[in-house]
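Once you have looked at the hints, place chain B on chain A.
Protein chains in written order, with the numbering used here: chain A, 1 to 538; chain B, 1 to 205.
To be clear, the hints were calculated from the coordinates, so they are not data collected in a lab. Accuracy of the hints is not assured; some may be wrong.
Unchecked claim - Among chain B residues calculated to face chain A with C-beta under 7 Å, some are: (1) Gly51; (2) Arg55; (3) Gly56; (4) Pro76; (5) Ser78; (6) Leu95; (7) Asp101; (8) Ile120.
Claimed, not checked - Only some residues are given here: those of chain A computed to face chain B with a beta carbon under 8 Å: (9) Arg167; (10) Pro258; (11) Asn323; (12) Asp340; (13) Ser351; (14) Gly355; (15) Cys383; (16) Leu386; (17) Met458; (18) Gln462.
Please read these numbers as outputs of a predicted model, since none were measured by experiment. Quick reminder that beta carbons are idealized off the backbone N, C-alpha and C, glycines included.
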Amino acid sequence: MQKLLLLGDEAIAQGAIDAGLSGIYAYPGTPSTEITEYVQRSREAKDKNIRSEWSANEKTAMESAIGMSYAGKRAMVCMKHVGLNVAADGFINSAITGANGGLIVVAADDPSMHSSQNEQDSRFYGKFAMIPILEPSSQQEAYDMVRYAFEYSEKMKTPVLFRITTRLAHSRAGVERMKSIEQNLVKLPENLKQYILLPALARKQYKVLLNNQEKFIKESENSNFNNYYDNENEKLGIITCGLAYNYLAENFEDHKIPYPVLSIRQYPAPTKLVEKIYDDCDELLILEEGAPVIEELLKGLLNKGKPIKGRFDGTIPRDGELNPKIVADSLGITYHEYGDIPEIVTGRPPSFCPGCSHIDSYKALNEALLDYSKGRVFADIGCYTLGALEPYNAINSCVDMGASITMAIGAADAGLVPAVAVIGDSTFTHSGMTGLLDAINNKSPITVLILDNSTTGMTGGQKSSALGKIEQICIGLGVEKEHMHILKPLKKYHEENVSVMKSELKYNGVSVIIPRRECVQTLNKRMRQKLKVKEVES
Amino acid sequence: MKPCNNETMKQMKKDIILAGVGGQGILSIAATIGTAAVNSNLFLKQSEVHGMSQRGGDVQSHLRLSSKKISSDLIPNSKADIIISVEPMEALRYLPMLSPDGWVVTNIKAFDNIANYPDIAKVLDEINSLPRHIALDAHQIAKDIGSLRSANIVVLGAATPFLDLDYSILENALKSIFGNKGEKVVQANLDALKAGKEFAEKNLH
Numbered sequence: 001m002q003k004l005l006l007l008g009d010e011a012i013a014q015g016a017i018d019a020g021l022s023g024i025y026a027y028p029g030t031p032s033t034e035i036t037e038y039v040q041r042s043r044e045a046k047d048k049n050i051r052s053e054w055s056a057n058e059k060t061a062m063e064s065a066i067g068m069s070y071a072g073k074r075a076m077v078c079m080k081h082v083g084l085n086v087a088a089d090g091f092i093n094s095a096i097t098g099a100n101g102g103l104i105v106v107a108a109d110d111p112s113m114h115s116s117q118n119e120q121d122s123r124f125y126g127k128f129a130m131i132p133i134l135e136p137s138s139q140q141e142a143y144d145m146v147r148y149a150f151e152y153s154e155k156m157k158t159p160v161l162f163r164i165t166t167r168l169a170h171s172r173a174g175v176e177r178m179k180s181i182e183q184n185l186v187k188l189p190e191n192l193k194q195y196i197l198l199p200a201l202a203r204k205q206y207k208v209l210l211n212n213q214e215k216f217i218k219e220s221e222n223s224n225f226n227n228y229y230d231n232e233n234e235k236l237g238i239i240t241c242g243l244a245y246n247y248l249a250e251n252f253e254d255h256k257i258p259y260p261v262l263s264i265r266q267y268p269a270p271t272k273l274v275e276k277i278y279d280d281c282d283e284l285l286i287l288e289e290g291a292p293v294i295e296e297l298l299k300g301l302l303n304k305g306k307p308i309k310g311r312f313d314g315t316i317p318r319d320g321e322l323n324p325k326i327v328a329d330s331l332g333i334t335y336h337e338y339g340d341i342p343e344i345v346t347g348r349p350p351s352f353c354p355g356c357s358h359i360d361s362y363k364a365l366n367e368a369l370l371d372y373s374k375g376r377v378f379a380d381i382g383c384y385t386l387g388a389l390e391p392y393n394a395i396n397s398c399v400d401m402g403a404s405i406t407m408a409i410g411a412a413d414a415g416l417v418p419a420v421a422v423i424g425d426s427t428f429t430h431s432g433m434t435g436l437l438d439a440i441n442n443k444s445p446i447t448v449l450i451l452d453n454s455t456t457g458m459t460g461g462q463k464s465s466a467l468g469k470i471e472q473i474c475i476g477l478g479v480e481k482e483h484m485h486i487l488k489p490l491k492k493y494h495e496e497n498v499s500v501m502k503s504e505l506k507y508n509g510v511s512v513i514i515p516r517r518e519c520v521q522t523l524n525k526r527m528r529q530k531l532k533v534k535e536v537e538s
Numbered sequence: 001m002k003p004c005n006n007e008t009m010k011q012m013k014k015d016i017i018l019a020g021v022g023g024q025g026i027l028s029i030a031a032t033i034g035t036a037a038v039n040s041n042l043f044l045k046q047s048e049v050h051g052m053s054q055r056g057g058d059v060q061s062h063l064r065l066s067s068k069k070i071s072s073d074l075i076p077n078s079k080a081d082i083i084i085s086v087e088p089m090e091a092l093r094y095l096p097m098l099s100p101d102g103w104v105v106t107n108i109k110a111f112d113n114i115a116n117y118p119d120i121a122k123v124l125d126e127i128n129s130l131p132r133h134i135a136l137d138a139h140q141i142a143k144d145i146g147s148l149r150s151a152n153i154v155v156l157g158a159a160t161p162f163l164d165l166d167y168s169i170l171e172n173a174l175k176s177i178f179g180n181k182g183e184k185v186v187q188a189n190l191d192a193l194k195a196g197k198e199f200a201e202k203n204l205h
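Same shape as in the complex, but just chain A (with noise of 0.2 Å):
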């Protein structure tokens, strides 16, 4: 079968639509975009008829996927970490539902905040909501496990949890494909109320997953993804969790690694096989992308047992990415290092690009805000979060999607008057619309910038919700027409829209002003698309 090079957000793609996947549901988040974007890049799903367009939000993306689950077909959800927080109602709630259709949800998570705001590892998640989760160490494996949870999503009716991490994210390597599958028919679940969690009905439910348990702790134990190998150096044994197995064996010869190894890419943890490595080995080392969730079960609250060595007693770092490095300093094994970083090399944090609008947003938005106190901008998730580095220092706030406009209102309403929320076009359809409503019926003093360059661009301009829609949306909500403004934000327009900000900030209610611009990004993008086809045609 065909061989190809793919990333392993590709993987997992390629993997669901081989399998029978008839719908995708995502809102862009680094480091899971690509999943999505593969899908509706590829000529196999447009003729396979797989439904990939992009949600509002994690949380509408999904409920839409448990409702195709629902109704019997195949459905993937992909989301970042803290992307499944927004999504966690329906995530939680679905273990209680069950699924009909295999349902996937799939959460990237970023351990050193290459990209986000935390680096909370969904495993947690995985446990808290009781369901099975994956959890590839390679772009292969990535591709095997996602036909694995389908069939294991149907034949236990649960969803099943994807756990994926940066690195194996954005790695490519080869990856052999099987025989496609086709997808499955519309077919209800057997007990029409299995969806109906009203509390009498619930409770009945919640047994079903409780007693599933066991179930799902035997299949663990009997899985292909969970590995012992019995080595002979018994004074340590090794768990490692995911991809952190490939760090282990990079550091040895012919990756012969000379103690036993339980290498866990399913749980939850296999009871029978976590007991053999306690019994056989004198100490344990746990090796986990991510938080040390192994690590936790294993020690306990008191810690009584043998000595188990990882995050907790500084044997690896608390916090960040596993790299090869870490991991054979908790071996002790030393390398032979080349030497620092040149003391001349000086950080490069990312910056705005040249010509973006935002930066023509934050000019105008500092000059409005200089008869005023410092520390009154709450800003949100997105390019322009970039406003906080140097020069513009032009934000105090970035928490999560859609907290511009509502720490807004409370910082208003402790008397921070007037409050300023900046947030995107993408990000407001994303949580933005619901904090607005709640400013409009509270009569909050405060001034709302939604910065609109008609794209998500920090993910790589997938196309935005938003799109022609914000105007509308926000007097739908009740903002007065005299107050709401669009500015083009260009130099040549400043003064005047730093007069428009200025006389709004004095406004003792809800004003919101949307400086328009496309992204430069995307911009480009169409013009060299453009161009392309005319040297087709010419």
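Frame of chain A, contents of chain B only:
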């Protein structure tokens, strides 16, 4: 991507750090080497940076080629055989990744998008003090041959003597990667690859 059972196939392993600034085209270099590696029946792992850092920040890619199965997506510290950089300061940033007998191949044209970019003369002094390096003005070379947008491929060309890959396989990789952009773009990149290679060969002692 087949395992190399073929005994006549030589054993090889190259760990390469690609460095630059978001938007400078290191992913095109990665794709070219990657395609060439696959067509040479080698195993490959290539880790990339997507997301926030791509916005003008420092970016790197770990590229691992081997005739044997590769374990880690990341190259261990001090095990890289080559650093290929399209920006001089970025070449220095990854020195701790370089093997003691590794090579640095770098462009000398600074990409100055930060307020505190160091004195470029001092950056180049650091590079020139490295025991094994090729330093070239890839932008000037690209300009001279009329392939202005192919400076990244000039740098790749200068690295070809160290890659252990057939030159013709690299050429074919460029053809397949840039093929959909038209004949002109393909030729510009082939010229850029050749110019970089010639520079390296002249400056290898």
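Here is how each hint holds up against the structure:
{"no.": "1", "hint": "Gly51", "result": "holds (3 Å)"}
{"no.": "2", "hint": "Arg55", "result": "holds (4 Å)"}
{"no.": "3", "hint": "Gly56", "result": "holds (4 Å)"}
{"no.": "4", "hint": "Pro76", "result": "holds (4 Å)"}
{"no.": "5", "hint": "Ser78", "result": "holds (5 Å)"}
{"no.": "6", "hint": "Leu95", "result": "holds (6 Å)"}
{"no.": "7", "hint": "Asp101", "result": "violated (10 Å)"}
{"no.": "8", "hint": "Ile120", "result": "violated (10 Å)"}
{"no.": "9", "hint": "Arg167", "result": "holds (5 Å)"}
{"no.": "10", "hint": "Pro258", "result": "violated (16 Å)"}
{"no.": "11", "hint": "Asn323", "result": "holds (5 Å)"}
{"no.": "12", "hint": "Asp340", "result": "holds (6 Å)"}
{"no.": "13", "hint": "Ser351", "result": "holds (4 Å)"}
{"no.": "14", "hint": "Gly355", "result": "violated (12 Å)"}
{"no.": "15", "hint": "Cys383", "result": "holds (7 Å)"}
{"no.": "16", "hint": "Leu386", "result": "holds (7 Å)"}
{"no.": "17", "hint": "Met458", "result": "holds (6 Å)"}
{"no.": "18", "hint": "Gln462", "result": "violated (13 Å)"}
When the structure is compared with the earlier hints, violations turn up for hints 7, 8, 10, 14 and 18 and for no others.
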